[in-house]
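> Below are the chains, spelled out letter by letter.
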Amino acid sequence: MLNGASPQAAKAIELQTYARESGGTVEAVSQSADATRHGSFAYDSDDGFWLSNGSDRAFIGYGASMNDVSDFLGNSPARDLGMQYASSRLVAKQARDNAFYDGVVSGHAKVRADAIRRAEQSQTLNLNDPRTQALMVNAAVAGYRDNFFETGLKGLELASYAVGGAGLLLGGARLAGRGAMELAKSGFRGSFIHGSSKTAAVWSATKGGTQLYAGYQVADAGLGMLTDPSGTAAAMRQGIKTGQHIYHEGVRNGGFTYATGVTGELDVGTKVNLALGGYLSVDLKTMDFNYGIYGTGELGSKLGLPNPTASRGWEHTVFTTSKFQDALVGKYSIHGAGDNYRNTGRALTGAYISAAGGAISGYQFTSELKNASIKTGFARDPQAYTNFGYGAIYDSKLGLVGADTLKEFLQELLGD
Amino acid sequence: MIKVGFGKALVIFFGVSVFAFGIFAIIPEKDWEPRIKHLKKLSADTTFAAERIEPEYLPIQSTGRLGAFYSCLTKYGGLGSRRMTRPNNGIEEWVILKLQDNTRLDIRINNGEAFFFSLKLYDKNNTLQAGSDLYAINCDMELLNKSDSDMHCEDKVLGNEIRPVCTYRPQQPPSQDDAKG
Chain A
1 MLNGASPQAA KAIELQTYAR ESGGTVEAVS QSADATRHGS FAYDSDDGFW
51 LSNGSDRAFI GYGASMNDVS DFLGNSPARD LGMQYASSRL VAKQARDNAF
101 YDGVVSGHAK VRADAIRRAE QSQTLNLNDP RTQALMVNAA VAGYRDNFFE
151 TGLKGLELAS YAVGGAGLLL GGARLAGRGA MELAKSGFRG SFIHGSSKTA
201 AVWSATKGGT QLYAGYQVAD AGLGMLTDPS GTAAAMRQGI KTGQHIYHEG
251 VRNGGFTYAT GVTGELDVGT KVNLALGGYL SVDLKTMDFN YGIYGTGELG
301 SKLGLPNPTA SRGWEHTVFT TSKFQDALVG KYSIHGAGDN YRNTGRALTG
351 AYISAAGGAI SGYQFTSELK NASIKTGFAR DPQAYTNFGY GAIYDSKLGL
401 VGADTLKEFL QELLGD
Chain B
1 MIKVGFGKAL VIFFGVSVFA FGIFAIIPEK DWEPRIKHLK KLSADTTFAA
51 ERIEPEYLPI QSTGRLGAFY SCLTKYGGLG SRRMTRPNNG IEEWVILKLQ
101 DNTRLDIRIN NGEAFFFSLK LYDKNNTLQA GSDLYAINCD MELLNKSDSD
151 MHCEDKVLGN EIRPVCTYRP QQPPSQDDAK G
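Protein chains in written order, with this note's numbering: chain A, 1 to 416; chain B, 1 to 181.
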């Protein structure tokens with residue numbers, strides 16, 4: 001280091017000395033308008049650089065060629081050094097230009113991809129955004145135009161289709177909202193509670209998060225129905241995701257209760273649904289199995305095609321708890337949506353169940369086996385529904401549990 | 001598309017409903033269910049040992065006497081009045097208390113409040129004999145092992161019934177009560 005000079009300054013002095021000995025000059029950093037910005041020992045600007053041939057000094061623009069530089073330097077003693085320097089500057093400039101151009105191009109691509117991704121996300125996430133709503137309406141209209149008018153469906157079906165998809169969307173959003181609320185609440189609690197309650201808050205946050213996730217999926221499926229009525233592939237993918245979610249929730253809660261049975265349903269705008277079947281529960285901690293018979297009655301309302309229908313179906317329900325009694329006995333609420341499966345004219349529905357006063361989550365899938373309706377032959381029958389259910393069981397060990405609840409259902413159904 | 005007359009389906013449906021109604025109409029209005037009557041054989045002095053606490057970190061006393069919790073338990077109502085009076089924390093919380101006569105109390109909890117329960121009757125060989133219905137309560141889990149004087153109950157409208165909601169409120173100097181809000 002020369003007299004405490006910086007490495008750059010030392011290099012400049014070294015080069016200037018070399019240049020002087022060779023008969024040429026290189027401009028020092030002190031002449032730079034903004035040394036720190038350029039960070040180089042020789043003056044450089046955005047337009048070009050200075051070069052000396054020993055007697056004259058010239059500004060070489062970046063537009064110049066090496067031939068111009070060669071002509072300027074002539075046979076001066078500084079020729080070799082000047083040519084070398086000019087060449088390195090021009091090449092560096094070119095490389096920098098290329099890099100800059102690449103950066104701009106990839107940056108543009110990223111921005112574009114980001115914008116697309118954001119648009120997609122806002123479709124599924126921010127349902128309150130007017131732009132998202134406009135997007136949804138546009139997509140829905142396009143979907144109808146492409147998928148419905150071609151298949152020759154009429155206004156009524158279209159309207160109910162829209163209602164079904166929107167209902168599903170809203171249901172999902174509501175569920176997601178609930179999950180988000182849980183998450184926020186538990187986050188708030190977790191921020192100032194310690195010890196075991198802290199653990200509880202963390203658990204709560206996990207559950208809120210998964211509920212949020214499930215809600216998004218339902219909302220997503222609803223949006224899929226609105227925007228892409230012809231495709232069920234997306235809905236199927238959602239189904240797989242939901243399955244994974246159910247599995248993890250069950251493992252976390254230490255067990256599962258699986259119930260399957262036949263249902264009879266009468267749908268005249270309001271719905272009445274009776275189900276009878278068997279259940280099996282497992283406690284993952286003790287590996288205790290329980291089984292028995294369950295019966296449920298549900299009353300509710302439907303958003304969808306107004307077409308009085310009587311049907312029977314097959315329902316599968318998974319509760320993410322080993323406490324079959326708590327899950328199956330008593331009042332519960334069920335929110336679901338569905339559509340006809342392909343061209344079978346039979347409905348497939350998926351639903352979220354809140355049982356035991358909100359303490360237990362369940363997931364139900366129903367497939368229609370037979371139906372009789374006033375109007376037949378619909379390719380599609382999108383619908384969303386909310387029911388209140390009443391359940392009772394006959395357990396192999398406990399006997400009849402929840403008869404009072406069934407009685408309550410019948411009173412509700414037939415009046416006191 | 002299966003061709004079944006809509007009217008026919010309607011008749012079948014209501015036929016089934018009326019049949020079911022016939023069965024359940026014979027159930028008397030209240031306390032018809034025999035297994036809950038076992039509750040009367042218990043008392044505040046009945047000892048218990050927690051057989052299962054789920055999740056394990058719940059701050060529940062593992063042994064002791066039922067105490068004030070028993071008084072609260074006897075104020076149970078039908079499932080139609082099952083309500084949480086504390087915010088739902090979304091966690092699976094339940095305990096099974098094994099009582100001195102081998103009966104199990106199966107209690108579902110939310111945020112430290114028991115909000116429904118059932119009784120499970122076991123014989124001397126620890127074999128499950130029968131279970132009661134589920135019944136709604138609103139009892140602070142801290143009431144276990146406490147005296148009745150530390151219990152504070154308030155009647156509330158819960159679903160289709162008016163039932164007491166009982167919390168643990170020890171008798172303390174007024175200043176500390178104020179601090180608790």
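If you are wondering where the hints come from, they were derived from the structure by calculation, not from laboratory data.
Some hints here could point you the wrong way.
Straight-line distance between alpha carbons at most 20 Å, and here's what the computed EDC-like set of lysine to aspartate or glutamate pairs gives [to be verified]:
| hint | chain 1 | residue 1 | chain 2 | residue 2 |
| --- | --- | --- | --- | --- |
| 1 | A | Lys397 | B | Asp101 |
| 2 | A | Lys397 | B | Glu51 |
| 3 | B | Lys75 | B | Glu161 |
| 4 | B | Lys98 | A | Asp283 |
| 5 | A | Lys397 | B | Asp155 |
| 6 | A | Lys285 | B | Glu51 |
| 7 | B | Lys98 | A | Asp288 |
| 8 | A | Lys271 | A | Asp288 |
| 9 | A | Lys331 | B | Glu51 |
| 10 | A | Lys331 | B | Glu33 |
| 11 | A | Lys375 | A | Asp288 |
Here's a subset of chain A near chain B, in silico, CB distances under 10 Å, partners left out [as the list claims (entries may be wrong)]:
| hint | residue |
| --- | --- |
| 12 | Arg96 |
| 13 | Gly264 |
| 14 | Leu266 |
| 15 | Ser311 |
| 16 | Glu315 |
| 17 | Gly330 |
| 18 | Ala356 |
| 19 | Asn371 |
With beta-carbon atoms standing in for the labels, derived distance ranges [unchecked claim]:
| hint | chain 1 | residue 1 | chain 2 | residue 2 | range |
| --- | --- | --- | --- | --- | --- |
| 20 | B | Asp123 | A | Val268 | 48 to 54 Å |
| 21 | A | Thr260 | B | Ser149 | 47 to 53 Å |
| 22 | B | Ser149 | A | Tyr394 | 38 to 44 Å |
| 23 | A | Val268 | B | Ser147 | 38 to 44 Å |
| 24 | A | Arg252 | B | Asn102 | 47 to 53 Å |
| 25 | A | Gly269 | B | Asn145 | 52 to 58 Å |
From the three backbone atoms N, C-alpha and C, an ideal C-beta is built for every residue, glycine too.
> Does each hint hold? Answer for all of them.
Hints, verified against the model:
1. A/Lys397 <-> B/Asp101: Answer holds: lysine 397 of chain A to aspartate 101 of chain B is near 19 Å, not above 20 Å.
2. A/Lys397 <-> B/Glu51: holds, 19 Å
3. B/Lys75 <-> B/Glu161: With Cα atoms ~12 Å apart, lysine 75 of chain B and glutamate 161 of chain B stay inside 20 Å; holds.
4. B/Lys98 <-> A/Asp283: holds, 18 Å
5. A/Lys397 <-> B/Asp155: violated, 35 Å
6. A/Lys285 <-> B/Glu51: holds, 13 Å
7. B/Lys98 <-> A/Asp288: With Cα atoms ~18 Å apart, lysine 98 of chain B and aspartate 288 of chain A stay inside 20 Å; holds.
8. A/Lys271 <-> A/Asp288: Given pair lysine 271 of chain A, aspartate 288 of chain A is violated - Cα atoms ~36 Å apart, limit 20 Å.
9. A/Lys331 <-> B/Glu51: Violated, at roughly 27 Å.
10. A/Lys331 <-> B/Glu33: holds, 18 Å
11. A/Lys375 <-> A/Asp288: Roughly 48 Å between the alpha carbons, so the hint for lysine 375 of chain A and aspartate 288 of chain A is violated.
12. Arg96: Violated, because the Cβ-Cβ distance from arginine 96 of chain A to chain B comes to roughly 57 Å (cut-off 10 Å).
13. Gly264: holds, 6 Å
14. Leu266: holds, 5 Å
15. Ser311: This interface hint holds because 8 Å falls under the 10 Å limit.
16. Glu315: violated, 16 Å
17. Gly330: holds, 4 Å
18. Ala356: holds, 6 Å
19. Asn371: This hint holds: asparagine 371 of chain A lies near chain B, its Cβ roughly 7 Å from the closest one there, short of 10 Å.
20. B/Asp123 <-> A/Val268: 48 to 54 Å: holds, 50 Å
21. A/Thr260 <-> B/Ser149: 47 to 53 Å: Distance hint for threonine 260 of chain A, serine 149 of chain B holds at roughly 51 Å.
22. B/Ser149 <-> A/Tyr394: 38 to 44 Å: holds, 43 Å
23. A/Val268 <-> B/Ser147: 38 to 44 Å: violated, 57 Å
24. A/Arg252 <-> B/Asn102: 47 to 53 Å: Given about 31 Å between the Cβ atoms, the range is violated.
25. A/Gly269 <-> B/Asn145: 52 to 58 Å: holds, 54 Å
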